[in-house]
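K.L.:
The chain contents come next:
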Amino acid sequence: MNIKISNVNKTIKKAVILENINLEFESGRIYGLRGSNGSGKTMLMRAICGLIIPESGEINIDGDILGKDISFPKSIGALIENPSFISSYTGFRNLKLLASIQNKISDDEIRDAIKSVGLTPDDKRTFRKYSLGMKQRLGIACAIMENPDIIILDEPVNALDENGIELVRKILKEQKEKGALIIIACHDKTELEYLSDEIYEIYEGKITNHFIVGDKSKISEEIVHEA
Amino acid sequence: MSYKIIKKLVKYDLYWGILNKWKKYLVMLILSLIITFVFIKNSQFYYRLDKLDSMPGFLDYIMNMFHGMKNFISDGNTQFEIPVEWMAFHLFVAFAIGNYIIDDLEKCGINIITRVRSRNKWIISKIIWNVVAVLCFYLVVYIVNIIIALSITGKLQLSLTQSVCSKFFELNNVNMESGNGLLAIIILPILSSLAISQMQMFLSLILKPIISFLMIASILILSAYSMSPYLIGNYSMVQRSEIFMKDGISILTATIVNITIIIVSVIGSIVYFNRKDII
Chain F
1 MNIKISNVNK TIKKAVILEN INLEFESGRI YGLRGSNGSG KTMLMRAICG LIIPESGEIN
61 IDGDILGKDI SFPKSIGALI ENPSFISSYT GFRNLKLLAS IQNKISDDEI RDAIKSVGLT
121 PDDKRTFRKY SLGMKQRLGI ACAIMENPDI IILDEPVNAL DENGIELVRK ILKEQKEKGA
181 LIIIACHDKT ELEYLSDEIY EIYEGKITNH FIVGDKSKIS EEIVHEA
Chain D
1 MSYKIIKKLV KYDLYWGILN KWKKYLVMLI LSLIITFVFI KNSQFYYRLD KLDSMPGFLD
61 YIMNMFHGMK NFISDGNTQF EIPVEWMAFH LFVAFAIGNY IIDDLEKCGI NIITRVRSRN
121 KWIISKIIWN VVAVLCFYLV VYIVNIIIAL SITGKLQLSL TQSVCSKFFE LNNVNMESGN
181 GLLAIIILPI LSSLAISQMQ MFLSLILKPI ISFLMIASIL ILSAYSMSPY LIGNYSMVQR
241 SEIFMKDGIS ILTATIVNIT IIIVSVIGSI VYFNRKDII
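As you go down the protein sequences, you meet chains F and D in turn.
Just so we're aligned, residue 1 is where the first sequence starts under the numbering used here, counting upward by one.
Just so we're aligned, residue 1 is where the second sequence starts under the numbering used here, counting upward by one.
Possibly wrong hints are sitting among the right ones.
Said to hold, decoys possible - Cross-link-like lysine-lysine pairs, in silico, BS3-like; alpha carbons within 25 angstroms at most:
1. K70/D with K74/F
2. K13/F with K107/D
3. K7/D with K124/F
4. K11/D with K107/D
5. K107/D with K96/F
6. K21/D with K4/F
7. K21/D with K104/F
8. K96/F with K11/D
9. K115/F with K96/F
10. K189/F with K74/F
11. K4/F with K124/F
12. K4/D with K68/F
13. K4/D with K74/F
14. K13/F with K74/F
Honestly, the hints are just simulated from the structure, not real lab data.
Please take these sequences and the hints and turn them into a complete structure.
P.N.:
What follows is the structure, given as C-alpha cells:
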C-alpha cells in the first residue's frame with residue numbers, strides 16, 4: 001500500500017486550504033500530521049479519504065488516481081472530526097449496520113473491535129447516551145473493525161482518559177504490525193511523537209516540516225514524567 | 001455486487017428517511033383528514049341550503065386537495081387568497097423532504113460513503129428515496145380520502161360532481177369524459193410534486209437545505225399569484241389545467257416540463273454530488 005500525493009491544491013470559498021502538497025505514505029508506518037487549528041490537517045485527511053476533490057494535483061493510491069480511477073480508497077477506515085452515528089442505535093448495532101455494507105466481517109469481529117477500544121459490545125445504551133469518550137472510542141472501533149489498509153484518525157485521543165489513550169496506542173501498534181498505513185492528526189505534540197514514525201507539520205495549507213521520529217522510549221519517558 | 005449495494009442503500013434510506021420519519025406522515029394524515037372534513041362540512045352546509053344537488057364524492061375530495069386556484073388577475077378590487085389546501089400539502093411535502101440527505105451525510109454519511117466507495121450509488125439511492133417519500137405522501141392522502149369516501153358515500157366515485165365544482169372551484173361544465181380530467185386530477189399533481197422535490201433535493205446539495213426549502217416555498221407562493229410556465233407550482237394546480245380552464249396549461253406541456261425538470265434535477269444532483277466536497 002502506497003499513497004502518493006502530488007502537487008495537490010485546494011481552495012474553498014477563496015481560502016487556500018491545501019497548497020502544493022507533495023507527500024508519500026507507505027504501509028506499515030504511522031504518519032502524524034501536526035499543525036494549528038485550520039492549518040489544513042483535516043482537509044488533507046478528507047482529501048485522502050476522497051471526500052474533498054482537489055482542484056489540481058493528484059492522489060495516487062496503489063496506482064489508482066483518486067477521483068479518476070477510483071472515487072474512494074478501496075480499503076479505508078476513517079474517524080474525521082466528531083464521531084457521528086445513528087443516535088437511537090447501540091454501538092454494536094451502529095457498527096453492524098456499517099459492516100453490512102461490505103459484509104466482510106462477522107458479528108464476532110465487530111464485537112472484538114468494540115472490546116479493543118474498551119467498550120462493551122452488549123451495552124444496551126444507545127449512542128446518544130454515550131459520553132464523549134465513549135463516542136470517540138466507538139469512532140475508532142468503526143475505523144479499524146474491517147482491518148482496512150488505510151486508517152485515518154483525526155485527533156484519536158480527544159476526550160479519552162489515560163486508559164483510552166493507552167488502548168489507542170495499543171490498537172495503532174497492532175494495526176501497524178498488520179501492515180496498515182496509518183495517518184493521524186493530534187494536537188498533543190508529545191503524544192503525536194510517541195504514536196508516529198514520521199511527522200509532517202502543516203501551516204496554512206503547506207507542508208512546512210517533515211521529520212522521522214527518533215527514540216520512542218525517550219518520548220514515552222517524557223509522557224510518564226509529565227503525567 | 002453493485003446492485004446489492006444500491007439495494008442496501010435504498011433499504012437504509014427507506015427506513016431512515018420514511019419509516020423512521022413516520023410522524024411526518026402522521027401529520028400529513030391529520031392534515032388530509034382536516035382538509036377533507038372541512039370540505040365535507042362546508043358541502044353539508046350548502047346542501048342543506050339547496051345550493052348543492054348532491055354531496056361530494058371521492059374525486060371531489062381529491063380535487064379539493066389539489067385544485068389550487070384559478071388564474072389570479074389583479075384588478076385592484078380582488079384580493080389575493082392563498083389556496084390553502086394546495087399550499088398546505090405542497091409546503092409540508094417540501095418541509096418533510098427538506099434536510100434528510102444533508103442530515104444523513106453529516107451523520108453517518110462519511111462512514112457509509114467510504115464503505116460504499118461510490119458517490120453515484122449514494123446519490124442514486126437518495127433520488128429513489130425522494131421519489132418514494134413523495135409517493136408515500138400521496139398514498140397517505142389517497143388512503144385517508146378513500147376511507148372517508150367509503151365510510152360516507154359507500155363508493156369510490158371517480159367523477160366530479162358538477163354542483164360541487166361550481167360552488168367550490170368555480171368550474172362550470174366540467175367534462176370528464178375524455179379521461180384527461182382524471183389524468184389532470186390524479187397524475188399531474190404527483191408528477192409535479194416529484195419534479196418539485198427532485199429540484200429541491202438538487203438545490204439542497206448546492207445551497208443549505210433551509211435556503212432550498214425557502215426557494216421552493218417562494219416558487220409555490222409565486223405560482224399561486226402568477227400563472228407563468230416558468231413557475232412550476234402552476235403545473236400542480238388542477239384548476240389551471242386546460243381541462244378546467246380556458247387557455248389553461250396543456251396536460252402535454254405540464255407533463256413534458258415536469259419530466260424535463262425531473263431529468264435535469266436528477267442529472268444535476270448526480271453530476272454535482274460527484275464534484276461536491278463532503279466537509
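K.L.:
Starting from the hint list further up, note which numbers the structure goes against and sort them upward.
P.N.:
1, 3, 6, 7, 10, 11 and 14
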